[in-house]
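Engineer: Generate coordinates for the entire structure from the input sequences, incorporating the hints supplied.
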Amino acid sequence: IAWSIVEFLHSSPHAPKTLFATHYHELNELENKLSRVKNYHVTHKEAGNKIIFLRKLAAGGSTHSFGIHVAKMAGMPPLLIKRANEVLKQLESKHVNEDIGDAIKNLSSPKLQLSIFDAHSQAFEEIRKILEAVDINRLTPVEALLKLQEVKNMVK
Numbered sequence: 001i002a003w004s005i006v007e008f009l010h011s012s013p014h015a016p017k018t019l020f021a022t023h024y025h026e027l028n029e030l031e032n033k034l035s036r037v038k039n040y041h042v043t044h045k046e047a048g049n050k051i052i053f054l055r056k057l058a059a060g061g062s063t064h065s066f067g068i069h070v071a072k073m074a075g076m077p078p079l080l081i082k083r084a085n086e087v088l089k090q091l092e093s094k095h096v097n098e099d100i101g102d103a104i105k106n107l108s109s110p111k112l113q114l115s116i117f118d119a120h121s122q123a124f125e126e127i128r129k130i131l132e133a134v135d136i137n138r139l140t141p142v143e144a145l146l147k148l149q150e151v152k153n154m155v156k
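In the working numbering, the protein residues as written are 1 to 156.
Calculated directly from the structure, the hints in this document are not laboratory data.
All residues carry an ideal CB built from backbone N, CA and C; glycine is no exception.
Just to be clear, a hint being listed does not mean it is correct.
[As the list claims (entries may be wrong)] Heads up, simulated DMTMM-like pairs for lysine to aspartate or glutamate below, C-alpha to C-alpha not over 25 Å straight-line:
id	residue 1	residue 2
1	Lys156	Glu126
2	Lys38	Glu7
3	Lys129	Glu143
4	Lys82	Glu92
5	Lys45	Glu26
6	Lys72	Glu143
7	Lys50	Glu86
8	Lys17	Glu7
9	Lys45	Glu86
10	Lys56	Glu26
11	Lys156	Glu125
12	Lys152	Glu125
13	Lys89	Glu29
14	Lys82	Glu46
15	Lys72	Glu92
16	Lys56	Glu31
17	Lys156	Glu132
18	Lys89	Glu46
19	Lys72	Glu86
20	Lys147	Glu132
[Stated by the list, open to error] Now the in silico label distances, taken between C-beta atoms and shown as ranges:
id	residue 1	residue 2	range
21	Pro13	Asn49	16 to 22 Å
22	Ser11	Ala71	30 to 36 Å
23	Pro141	Ala47	48 to 54 Å
Structural biologist: Listed below in C-alpha cells is the structure:
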C-alpha cells in the first residue's frame with residue numbers, strides 16, 4: 001500500500017509535496033523510478049545496542065530499520081520486542097536465499113499462549129469486574145477457591 005500511495009501522489013496533477021515516513025527499505029528504489037521522489041533519513045548514532053536519533057536529516061534512504069528500537073523506546077512489552085527480534089533474525093537469514101514473500105510464509109509461529117478470552121467479550125468483561133473487586137489480601141484460601149470456581153464456571 002505504501003508503494004502505491006507514493007506512486008499515486010507522484011502522478012497527481014496537483015504534485016503535492018509530501019513527507020512520507022516509513023521503514024520499508026524497498027521504497028528507497030522509488031527515487032530511481034520517479035523523478036520527483038527524494039529520499040532522506042534521520043541520522044543516528046549507535047552506542048552498543050542502543051540507537052540515538054540525532055534529529056538531523058541527511059540525503060538518501062536509511063540502510064537500517066529502527067522499528068524495534070523505536071518500539072522499545074516507546075515502552076512496548078519486552079515479550080513483543082523479543083518476538084520482533086526473532087522475526088527479524090529469521091527474515092534476515094532467509095532474505096539472502098529466498099524470495100521475501102516465501103520468507104514471511106515460512107516464519108516460525110510465535111511461542112505465545114493465546115488468550116481463551118476475546119478481550120472485548122462480555123465474559124471477559126464480567127470476569128475482569130469480578131477480579132477487580134477482589135481484595136486478594138483479605139481472601140481466605142476457601143474464599144479464593146470459591147472465587148476461582150465462579151470464574152471457571154463463567155468460562156464454560
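Engineer: Compare the structure with each hint and give your call.
Structural biologist: Each hint tested on the structure:
1. Lys156 <-> Glu126: Roughly 14 Å separates the two Cα atoms, so the pair holds.
2. Lys38 <-> Glu7: holds, 13 Å
3. Lys129 <-> Glu143: holds, 17 Å
4. Lys82 <-> Glu92: This hinted pair holds, its Cα atoms lying about 15 Å apart.
5. Lys45 <-> Glu26: Roughly 23 Å between the alpha carbons, so the hint for Lys45 and Glu26 holds.
6. Lys72 <-> Glu143: violated, 40 Å
7. Lys50 <-> Glu86: holds, 18 Å
8. Lys17 <-> Glu7: Roughly 13 Å separates the two Cα atoms, so the pair holds.
9. Lys45 <-> Glu86: Holds, at roughly 23 Å.
10. Lys56 <-> Glu26: holds, 22 Å
11. Lys156 <-> Glu125: holds, 15 Å
12. Lys152 <-> Glu125: holds, 14 Å
13. Lys89 <-> Glu29: Distance of about 23 Å is within 25 Å: holds.
14. Lys82 <-> Glu46: holds, 20 Å
15. Lys72 <-> Glu92: holds, 20 Å
16. Lys56 <-> Glu31: At roughly 20 Å apart (the allowed maximum being 25 Å), Glu31 and Lys56 satisfy the hint.
17. Lys156 <-> Glu132: holds, 21 Å
18. Lys89 <-> Glu46: holds, 19 Å
19. Lys72 <-> Glu86: holds, 15 Å
20. Lys147 <-> Glu132: Roughly 12 Å between the alpha carbons, so the hint for Lys147 and Glu132 holds.
21. Pro13 <-> Asn49: 16 to 22 Å: Violated, at about 47 Å.
22. Ser11 <-> Ala71: 30 to 36 Å: holds, 33 Å
23. Pro141 <-> Ala47: 48 to 54 Å: holds, 51 Å
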